[in-house]
Amino acid sequence: MLTLRKSRTQGGEAVPGRRSWLSPRAAKTWRRELEAYLFVGPFLVLFLLFIVVPVVVAIYLSFTYFNTIQPPKFIGLQNYVNLITQDSEFLMYVLPNTLEFSVLVGPGGYILSFWLAWLLAQIPRKSRTFLTLAIYSPALTASVAMSVVWLVVFSGDATGYLNSFLMRLGIIHQPVQWVQSPHWLMPIMIVVSLWNSMGVGFLAMLAGILNVNQELYDAGYMDGVKNRLQEVWYITIPSMKPQMLFGAVMAIVGTFNAGMIGVQLSGANPTPQDAGQTIIAHIYDYGFIRYEMGYASAISVVLLLIVYGLSRFAWRLFGERE
Amino acid sequence: MSRYFGNRVNPDRFAPSQLKFYAVLIVLAVFLVLPIVFIFSQALKPINELFLFPPEFLVQHPTMENFVNLFKQTSVTAIPMSRYLFNSIIVTGLVVVLTSLLSSMAGYALSKMEFKLKRLIFEANIIALMFVPAAVGIPMYFIMVKLGLTNNILGNVIPLLAVPVNVFLVKQFVDQVPDALVEAAFIDGASHFQVFQKIILPMIRPAMATVAILAFQSAWNNTDTSTLYINNESLKTFAYYMGTLASNVGNQVAGQGIAAAAALIMFLPNLLIFIFMQRRVIDTMAHSGLK
Chain A
1 MLTLRKSRTQ GGEAVPGRRS WLSPRAAKTW RRELEAYLFV GPFLVLFLLF IVVPVVVAIY
61 LSFTYFNTIQ PPKFIGLQNY VNLITQDSEF LMYVLPNTLE FSVLVGPGGY ILSFWLAWLL
121 AQIPRKSRTF LTLAIYSPAL TASVAMSVVW LVVFSGDATG YLNSFLMRLG IIHQPVQWVQ
181 SPHWLMPIMI VVSLWNSMGV GFLAMLAGIL NVNQELYDAG YMDGVKNRLQ EVWYITIPSM
241 KPQMLFGAVM AIVGTFNAGM IGVQLSGANP TPQDAGQTII AHIYDYGFIR YEMGYASAIS
301 VVLLLIVYGL SRFAWRLFGE RE
Chain B
1 MSRYFGNRVN PDRFAPSQLK FYAVLIVLAV FLVLPIVFIF SQALKPINEL FLFPPEFLVQ
61 HPTMENFVNL FKQTSVTAIP MSRYLFNSII VTGLVVVLTS LLSSMAGYAL SKMEFKLKRL
121 IFEANIIALM FVPAAVGIPM YFIMVKLGLT NNILGNVIPL LAVPVNVFLV KQFVDQVPDA
181 LVEAAFIDGA SHFQVFQKII LPMIRPAMAT VAILAFQSAW NNTDTSTLYI NNESLKTFAY
241 YMGTLASNVG NQVAGQGIAA AAALIMFLPN LLIFIFMQRR VIDTMAHSGL K
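Line order of the protein sequences matches chains A and B.
Residue 1 is where the first sequence starts when you use the numbering used here, and the numbers rise one by one after that.
Residue 1 is where the second sequence starts when you use the numbering used here, and the numbers rise one by one after that.
Quick caveat, the hints were computed from the structure, so don't treat them as lab data.
No experiment lies behind these values; they were computed from the predicted model shown.
Cβ coordinates follow ideal geometry from the N, Cα and C atoms, glycine included.
Warning: the hint list may mix true and false statements.
Derived, one-sided and incomplete: chain A residues facing chain B with beta-carbon distance under 10 Å [unchecked claim]: (1) G76; (2) T85; (3) L116; (4) S143; (5) L151; (6) A204; (7) V301.
Construct the complete structure from the given sequences, taking the supplied hints into account.
The structure is reproduced here in structure tokens:
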């Protein structure tokens with residue numbers, strides 16, 4: 001880059017008699033900046049508008065009472081205080097549900113993705129291509145399209161496919177109201193989300209495993225790597241830390257984004273007896289159903305902080321800087 | 001004492017020792033594909049098979065009946081299904097083209113150009129990888145109102161364009177293009193636009209393909225913008241319409257077949273595009289690491 005800048009400066013100064021109120025050097029810098037913003041500008045504007053501003057507005061609204069009819073009224077930390085002292089729904093259901101859902105779907109989906117990617121790396125290219133497609137295909141489906149499948153499969157009467165199947169096997173004798181049942185909704189949400197969890201992070205980890213230098217393995221065997229588990233632990237994972245981190249961040253974000261699945265499955269927000277109420281569903285419940293936007297924003301801010309904190313934790317595990 | 005030698009990763013050919021991997025993979029792959037097979041099967045079932053009790057998983061006598069009915073059907077507000085499909089095609093097309101363009105330009109600038117806020121923007125973009133869009137639905141709604149994008153077909157497009165992951169993937173890929181190559185072009189008098197167009201774009205095709213696929217999925221599968229920002233029924237997307245069909249599934253069995261047919265129309269383009277571009281996606285992902 002250094003040589004590049006030098007050559008361009010010389011080119012600029014070679015234009016004689018060019019008058020400007022800026023010194024030639026400052027003009028050069030200005031042109032360079034301007035040119036860069038021609039490239040990055042359009043993205044930057046949208047990035048500010050649809051990512052930075054919403055977060056800033058959410059933080060602002062979280063300190064207000066706002067019912068969308070009257071202008072927001074500043075109430076300090078009241079929303080946060082209410083969240084941890086008054087909102088029994090949040091404390092009794094939403095928080096434990098979110099914890100259960102994210103612990104199983106987040107790390108669960110992440111480990112599953114890595115394991116499948118690792119298995120795929122052990123077979124030749126042709127069959128790998130085919131099986132990768134099969135394993136990635138759930139990520140290609142839209143949740144709205146899949147709701148058709150889940151609704152029919154988990155339908156609560158005897159014509160539901162799961163009920164009919166289990167009754168034929170004699171495992172159950174009465175049809176189960178799967179998605180309306182407080183007992184079954186959460187397990188179903190977890191299974192459906194795990195089914196869907198082999199996404200971009202999975203592809204990144206697959207590419208990462210395939211790109212580990214074979215010489216590292218050879219050196220590892222010399223140094224006494226005794227089995228596959230050691231091979232994965234001492235060679236594969238350390239040599240693909242950047243992909244492991246990318247996969248982890250995608251898993252964390254994906255898990256919290258998937259929180260509406262309970263509402264989609266049961267068709268109700270709040271979900272039956274709050275059984276599938278996760279933090280995202282709680283935000284939508286307060287924001288778009290009860291119109292308590294200030295309070296909902298406070299929950300959003302808490303959620304963003306949780307995601308950020310968890311990602312930092314992943315960074316600690318796999319990051320190469322800091 | 002014998003030393004342990006593992007199988008080679010990424011083997012060239014089949015060996016019997018790989019059978020155990022195949023066994024696990026095939027069992028899991030079947031489990032993962034099953035719900036998708038179910039969409040196909042359900043979409044092709046004639047009405048009497050949809051009513052069948054006890055229900056059969058696979059279709060016995062496939063028919064196109066459901067697709068014919070789907071195309072004949074209009075929504076409760078008398079908007080024909082083709083209108084939603086048309087909207088989706090326009091919206092998806094715009095999102096794919098614009099996102100690819102924005103992401104590649106930003107990725108190039110962040111990788112090969114020098115400017116003051118470069119580091120800051122890149123860092124902000126990395127932090128934004130952790131952004132959960134669903135968390136800020138409320139402020140987003142007000143921004144959309146302020147920008148006049150509610151009740152506007154562009155309301156389905158513009159919120160989907162700034163995707164940190166896409167810029168990140170392109171930037172990582174442009175990093176692989178040797179600086180010397182770019183510098184040589186500058187010495188020959190090329191401008192940034194020429195370098196971008198003639199050197200960078202052809203070299204980052206895998207990354208562009210990946211971004212295009214991700215953009216396609218986000219737009220084609222997206223119901224949120226139609227639900228939250230668009231009131232005018234004739235501007236909503238096919239995915240949204242699909243959602244209304246799905247919510248009727250419980251009420252009428254006949255709706256099941258139509259909804260499944262629509263689900264299949266939702267799914268097939270995603271699948272086809274991914275099949276064509278799989279290699280490029282994997283190539284891009286090799287550079288996706290976060291450091």
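Each hint, compared with the structure:
1. G76: violated (19 Å)
2. T85: violated (22 Å)
3. L116: holds (7 Å)
4. S143: holds (7 Å)
5. L151: Hint on A/L151: holds, closest Cβ of chain B at ~5 Å, below 10 Å.
6. A204: holds (4 Å)
7. V301: holds (8 Å)
Consistency note: the structure conflicts with the earlier hints numbered 1 and 2.
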